[in-house]
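Asker: Assemble chain B with the ligands onto chain A, guided by the hints.
What follows is the residue order along each chain.
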Amino acid sequence: MNRSLFVPQRMEIVKVTDEVATHDIFTFELAPLGGGIAPYLPGQFAELSVFGAGEAPFGYASSPHETGTVRFTVKRMGALTRELHRLGPGAVVGMRGPLGNPFPLDRFEGRDLIVVGGGYAFTTLRSLIATLLTDKHRKRAGRITLFYGVRHPGLFLYKGELDRWRTAKELSLHLTVDAADETWKGPVKLVPDLVRDTAPATENAVAVVCGPPAMIRFTLPVLETLGVGEENILISMERKMKCGVGMCGRCNLGPRFVCKDGPVFTLKELRELTDDY
Amino acid sequence: MTRTNTSDRSWTLPAGALPDLLAALAATCELWTPRPVGGGTRFLPHGEDRPLDLAQTPPAHSVKAVLFPNPETLFTYRRNGNDVALTPPEPDGRSLIVFGARACDARAVAALDAVFLGRSIPDPAYLERRERLCLVGLACVSPAATCFCHRMGSGPFDASGMDVQIVPLDDIYVFHLLTKRGEACLAPFRDRFEAADGDTLKKVAATKAGLEGAEPSVDFTALKDAVKQHRDDPYWETLAAACLGCGICTFLCPVCSCFSITDTGNRRGGRRVRYWDACMFPAFTKEASGHNPRGDEPARVKQRFFHKFYYSIENGEPPGCVGCGRCVIHCPAGIDIREIVSRFQPEAAS
Ligand SMILES: Cc1cc2nc3c(=O)[nH]c(=O)nc-3n(C[C@H](O)[C@H](O)[C@H](O)COP(=O)(O)OP(=O)(O)OC[C@H]3O[C@@H](n4cnc5c(N)ncnc54)[C@H](O)[C@@H]3O)c2cc1C
Ligand code: SF4
Ligand code: FES
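Line order of the protein sequences matches chains A and B.
Residues 4 to 280 in our numbering are what the first sequence lists, from first letter to last.
Residues 162 to 511 in our numbering are what the second sequence lists, from first letter to last.
Here chain A stands alone, though its shape is the one from the complex (with noise of 0.2 Å):
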């Protein structure tokens, strides 16, 4: 980040896309007005403007390799994102980020993955699996054993790339649904369970998680007994955000603060940390 702390660097929207059958989640594409796009990594986030509605947080959906735009897929919650999804092409909002650490890509240079996602919080993952995928990481990395879920079958994103992942020769994709429609041919169950089911291998495996609060408190139970250690499930934590800096003093889980700390963390040290995960 090199602009004024507080001040957003400009990016116009170049496209927009609406990912979901409840058309209530839009894929941003955003390019920058004027300086570069300022290095990122899978796992961070940035802070995004709509000028006069306000700021709030998005991970990074794109992936760095991924040059001269970068993406933000966001669910309609509030003033923010009622805002933002008004917005078309050639309109100008606002960007601060990176801010936050990424996954610790190092540490799973010869670790098999386990992926484990639901809802929305799937964008960081995307773009997390995108990295993996790439040339530079590809030979390094093990086995990637990719578990996402959702609602019903018209809420997976990125539905097009999921496709090619079926193909991808690294990777084994596992898709669930809630509740099925006439289309879905997969396993109609709760995420936790799925992976329960599957049973990936745990030996030499570093398991990342990252969902809507239940699918993550089942899920956690779930890989280790499987046999995934605390210190090697890694958890993307999500807490009402304002300056992203480890400053306005909302985001934090004990003395660390998911914004300047996080937003990554083991299980190791959330329990540490707060009861609350």
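Derived from the structure by calculation, the hints contain no laboratory data.
Be a bit skeptical, because a hint or two may be false.
Which bits of chain A does chain B cover? Going by a derived footprint, with three or more residues having C-beta under 8 Å, they are [as the list claims (entries may be wrong)]:
{"hint": "1", "segment": "82 to 94"}
{"hint": "2", "segment": "180 to 186"}
{"hint": "3", "segment": "255 to 269"}
Here are the simulated distance ranges between beta carbons [as the list claims (entries may be wrong)]:
{"hint": "4", "chain 1": "B", "residue 1": "G456", "chain 2": "A", "residue 2": "S175", "range": "55 to 63 Å"}
{"hint": "5", "chain 1": "B", "residue 1": "E292", "chain 2": "A", "residue 2": "G93", "range": "39 to 47 Å"}
{"hint": "6", "chain 1": "A", "residue 1": "T186", "chain 2": "B", "residue 2": "G279", "range": "47 to 55 Å"}
{"hint": "7", "chain 1": "B", "residue 1": "E292", "chain 2": "A", "residue 2": "D138", "range": "45 to 53 Å"}
{"hint": "8", "chain 1": "B", "residue 1": "E500", "chain 2": "A", "residue 2": "A204", "range": "53 to 61 Å"}
{"hint": "9", "chain 1": "A", "residue 1": "G93", "chain 2": "B", "residue 2": "K341", "range": "49 to 57 Å"}
{"hint": "10", "chain 1": "A", "residue 1": "P35", "chain 2": "B", "residue 2": "I282", "range": "16 to 24 Å"}
{"hint": "11", "chain 1": "A", "residue 1": "K162", "chain 2": "B", "residue 2": "E448", "range": "26 to 34 Å"}
{"hint": "12", "chain 1": "A", "residue 1": "H155", "chain 2": "B", "residue 2": "G456", "range": "28 to 36 Å"}
Capping the alpha-carbon separation at 27 Å, the derived lysine-lysine pairs in DSS-like fashion look like this [unchecked claim]:
{"hint": "13", "chain 1": "A", "residue 1": "K271", "chain 2": "B", "residue 2": "K389"}
{"hint": "14", "chain 1": "B", "residue 1": "K369", "chain 2": "B", "residue 2": "K341"}
{"hint": "15", "chain 1": "A", "residue 1": "K162", "chain 2": "A", "residue 2": "K192"}
{"hint": "16", "chain 1": "A", "residue 1": "K78", "chain 2": "A", "residue 2": "K142"}
{"hint": "17", "chain 1": "B", "residue 1": "K447", "chain 2": "A", "residue 2": "K263"}
{"hint": "18", "chain 1": "A", "residue 1": "K142", "chain 2": "A", "residue 2": "K172"}
{"hint": "19", "chain 1": "A", "residue 1": "K271", "chain 2": "B", "residue 2": "K369"}
{"hint": "20", "chain 1": "A", "residue 1": "K78", "chain 2": "B", "residue 2": "K363"}
{"hint": "21", "chain 1": "A", "residue 1": "K263", "chain 2": "B", "residue 2": "K369"}
{"hint": "22", "chain 1": "A", "residue 1": "K192", "chain 2": "A", "residue 2": "K172"}
What you are looking at is a predicted structure, and each value in this text was computed from that prediction instead of being measured.
Note that beta-carbon positions come from the ideal geometry of N, C-alpha and C, so glycine has one too.
Answerer: Frame of chain A, contents of chain B with the ligands only:
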């Protein structure tokens, strides 16, 4: 050294000459002085509209409001077609003198520094003011019954964080010049002062000795360990049952610096501002989904005291309390931070 019996770092000013000195400072510097507004004294840009109040101890409002204004404009935005122009505020080149800050408030500046200057990037607006700051402090000669700065490792004559410390004697003020910045701010007005003589300095020392605390400082590390071990103490629920969640403790606190950021204006133009916020409010942590990690009162009360006595210490930052007692005076529910300190550290360090 010209005269043996006088000090070139301690100057005296007749009490009656203070208004003129302040007027002269205000002509060239950004000067803030404590003056009454309603029943409470606060630091305001110097002016003749209200009298100076150096008596209220401590002033109802702290120096925090000068270094961390509420609200503060981060930038203005103006839309021009699709594009938008962003303009941060112009910096002020003048010295920033805060006159009459007490020991507790001066020490609190170190805690504010830890937050605003101690992160990966310093806060530009805070840094800009901090670099211009000359803190002209005032020793407390009549501490309030609620003051407990001694227990927080300080005392009414503590000069840490000050550039100049003033000690009021009967009809004079003794100005101790403590830093280069303090000297630079007052040097242009040297001819208004006299060098303090030996007798005067003895009187200062005697006044100070009379106010040395009987109460020793707490051991902050031991206090941290004790607080940390009492994460699940039902005591927090008892405190929370009394707390109204009004947040006055945090607003008056010279250390508390949590804030929020919001836009004021419309889509065409306006300002992004930050304003004081507080861990005592449920909305502080309430997420868009409705989830609130500190959704109940005990969690919020705990956060306030944990931040002050556990998290700050754990992170190697100054303690979150300087013993000014403002929250003790103003809490409508009678929550007394001194009792919390005593509860977790009954046998204070000797
Ligand atoms: C590290 C991180 C990464 C995130 N990544 C994504 C993402 O990729 N896609 C996505 O759709 N959402 C993401 N979120 C959640 C997203 O920030 C909130 O949905 C968003 O702030 C809601 O803003 P709002 O103004 O519409 O809601 P309001 O309820 O009107 O919220 C008002 C303001 O409070 C703050 N706020 C409220 N809820 C949250 C929250 N859950 N997290 C942080 N700040 C909050 C924001 O400043 C917000 O503008 C992420 C959150 C975090 C902490
Ligand atoms: S005594 Fe109260 S007002 Fe003073 S610093 Fe401590 S918490 Fe803040
Ligand atoms: S968002 Fe401000 S401290 Fe983390």
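Asker: Compare the structure with each hint and give your call.
Answerer: Structure-based check of each hint:
1. A count of 3 residues in the segment 82 to 94 of chain A with a Cβ less than 8 Å from any Cβ of chain B is obtained; the coverage claim is therefore met, three being the minimum.
2. Only residues whose C-beta sits within less than 8 Å of a C-beta in chain B count toward coverage, and the segment 180 to 186 of chain A has 0 of them, not enough to reach three; the restraint is violated.
3. Coverage of the segment 255 to 269 of chain A by chain B holds [criterion: at least 3 residues with CB-CB distance below 8 Å; count 4].
4. Between G456 of chain B and S175 of chain A the C-beta distance comes to about 39 Å, which lies outside the given range of 55 to 63 Å.
5. A hinted range of 39 to 47 Å holds for the C-beta pair E292 of chain B and G93 of chain A, which are about 41 Å apart.
6. Against the hinted window of 47 to 55 Å, the Cβ-Cβ separation of T186 of chain A and G279 of chain B comes to about 54 Å, which satisfies the hint.
7. The supplied range of 45 to 53 Å is met by E292 of chain B and D138 of chain A, whose beta-carbon atoms lie about 48 Å from each other.
8. Separated by about 56 Å at the C-beta atoms, E500 of chain B and A204 of chain A satisfy the suggested range of 53 to 61 Å.
9. At about 54 Å, the beta-carbon gap between G93 of chain A and K341 of chain B stays in the expected band of 49 to 57 Å.
10. Separated by about 19 Å at the C-beta atoms, P35 of chain A and I282 of chain B satisfy the suggested range of 16 to 24 Å.
11. Take K162 of chain A and E448 of chain B: their Cβ atoms lie about 27 Å apart, and the range 26 to 34 Å holds.
12. Under the hint 28 to 36 Å, the C-beta atoms of H155 of chain A and G456 of chain B, about 29 Å apart, fit the expected range.
13. Distance check on the hinted pair: K271 of chain A and K389 of chain B sit about 18 Å apart at the alpha-carbon level, within 27 Å; holds.
14. Restraint check: the Cα-Cα separation between K369 of chain B and K341 of chain B comes to about 24 Å, which is no more than 27 Å; the hinted pair holds.
15. Our distance criterion of 27 Å between C-alpha atoms is met by K162 of chain A and K192 of chain A, whose separation comes to about 19 Å.
16. As the CA atoms of K78 of chain A and K142 of chain A are separated by approximately 34 Å, the hinted pair breaks the 27 Å bound.
17. With a C-alpha separation of about 19 Å, the suggested pairing of K447 of chain B with K263 of chain A holds against the 27 Å cut-off.
18. Taking the CA atoms of K142 of chain A and K172 of chain A, the gap is about 12 Å. The hint holds against a cut of 27 Å.
19. Note on K271 of chain A and K369 of chain B: the hinted pairing is violated, with a Cα-Cα distance of about 51 Å set against a maximum of 27 Å.
20. Distance restraint check for K78 of chain A and K363 of chain B: the Cα-Cα separation of roughly 70 Å exceeds the 27 Å cut-off, and the hinted pair is therefore not satisfied.
21. Proximity of K263 of chain A to K369 of chain B is assessed by CA-CA distance (about 43 Å); at most 27 Å being required, the pair is judged violated.
22. The suggested pairing of K192 of chain A with K172 of chain A holds, with an alpha-carbon distance near 25 Å, which does not exceed 27 Å.
Hints 2, 4, 16, 19, 20 and 21 from the earlier list are contradicted by this structure; the remaining hints agree with it.
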